[in-house]
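Asker: Sequence:
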Amino acid sequence: MSQTSSPLLLDASRERLPVSGLLALAMTGFIAILSETLPAGLLDQIANGMHISQAMAGQWVTAYALGSLLTAIPLVTLTQGWYRRRALLLAIIGFVLFNGLTALSTSNSVTLVLRFFTGAAAGLAWGLIAGHARRMVPVAQQGRAMALAMLGQPIALSLGLPIATWLGAGLGWRATFVVVTVVALLLVVWVLRSVPEYPGHAAGNRRAAKQVLRTPGVLLVLLVILSWILGHNILYTYIVPLLAAAGMAADIGPVLMVFGLSALAGIGMVGLLVDRHLRTLVLLSLVGFALATLALGQASSWLMYLSIALWGLTYGGAPTLLQTACADAAGEGGDVAQSMLVTVWNSAIALGGIVGGVLLAGGGTKAFGAVVLVLIAVAWSLAWAARRSGFVAGAR
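In the working numbering, each residue's number is its place in the sequence shown (first place is 1) plus 91.
Hints are computed from structural coordinates only; laboratory data are not their basis. Predicted model only: the values in this text are computed from it and were never measured. Wrong hints could be hidden among the right ones.
[Stated by the list, open to error] Quick list of the computed label-pair ranges, beta carbon to beta carbon:
| id | residue 1 | residue 2 | range |
| --- | --- | --- | --- |
| 1 | V230 | V465 | 33 to 39 Å |
| 2 | I143 | G261 | 19 to 25 Å |
| 3 | T153 | V273 | 35 to 41 Å |
Positions of the beta carbon are idealized from the N, C-alpha and C atoms, including for glycine.
Please take these sequences and the hints and turn them into a complete structure.
Answerer: In structure tokens:
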């Protein structure tokens, strides 16, 4: 990716973004995240309705994560030659089919299989969204386009899940899955109307996963993702005991709202600056995350809220920054690299739950800080080292 500006690029940067198409991509991400997290907000209802334990109901999330983790790379690699919108529609139709069948299923075993395939649909979707957004705009607008296309994740986490949980309380968990299914069906129409079609990669231009991984910068970006997102998820997965240790167990709702709104602000900030200052934003975000980690767990409630806001602000733009860096480094292998990103990201989520659980059992929430700060330091050092490929200095 060129690191110099030109009048042509400056003119391109002033063109209007294809907002409707990019928001359709964002809605795809919204459906993916909501489909993943929905059981967490409906745990009691699912357990009672399916006559299973809450722990077993929680495995609906695990099965989904495994589906994304195990299938993202092979599915994206397999569909490299497909027309890109056609592949995206396949993923969205997967949300329609598997969420709809989940609403009807009376067997927990069948539902776990359905959840696995829903996760597979998400793995394919996440492998395509970034590349499609980048192809819809000139190079000088790719960062802003990515920021808009990535809006679905924080909105789903901060607003979508509470709304879905509220719907579940009034309508029941099955009806909530039906609502998500209908929204995904409407999304198919939206994508057909607003998202342009692009050809897949010609046979000679398709990249094998090993070849993409050897591309300069790709591995460094993936390692930064692993360290950063692992540190984030150690804290985020166990936010309730963190708050309880600070005497704020009753504040979980407001805390998550502050985090979500701060994350949205982070996306806005990154969207404005990513095309000129990607490297600087990554390094500053990690420093901000470190400061937030140092403040978490302190006795003062206002300091806790301040640290949560800083944490959300620095994390909100992370998907845009990391996906942009990954796609820039991978070049023509961008879609395959994005599928690797999905795999690493989901691995970090799973490891966050495991590592955080071990730390919580061994030393309580006080053990989180040192481990997370080490992970942040590793991510910062790797990003600093990737000056020439991965997190390149200067304008994109």
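Asker: Does each hint hold? Answer for all of them.
Answerer: Hint by hint, here is what the structure shows:
| no. | hint | in the structure |
| --- | --- | --- |
| 1 | V230 to V465: 33 to 39 Å | holds (36 Å) |
| 2 | I143 to G261: 19 to 25 Å | holds (22 Å) |
| 3 | T153 to V273: 35 to 41 Å | violated (26 Å) |
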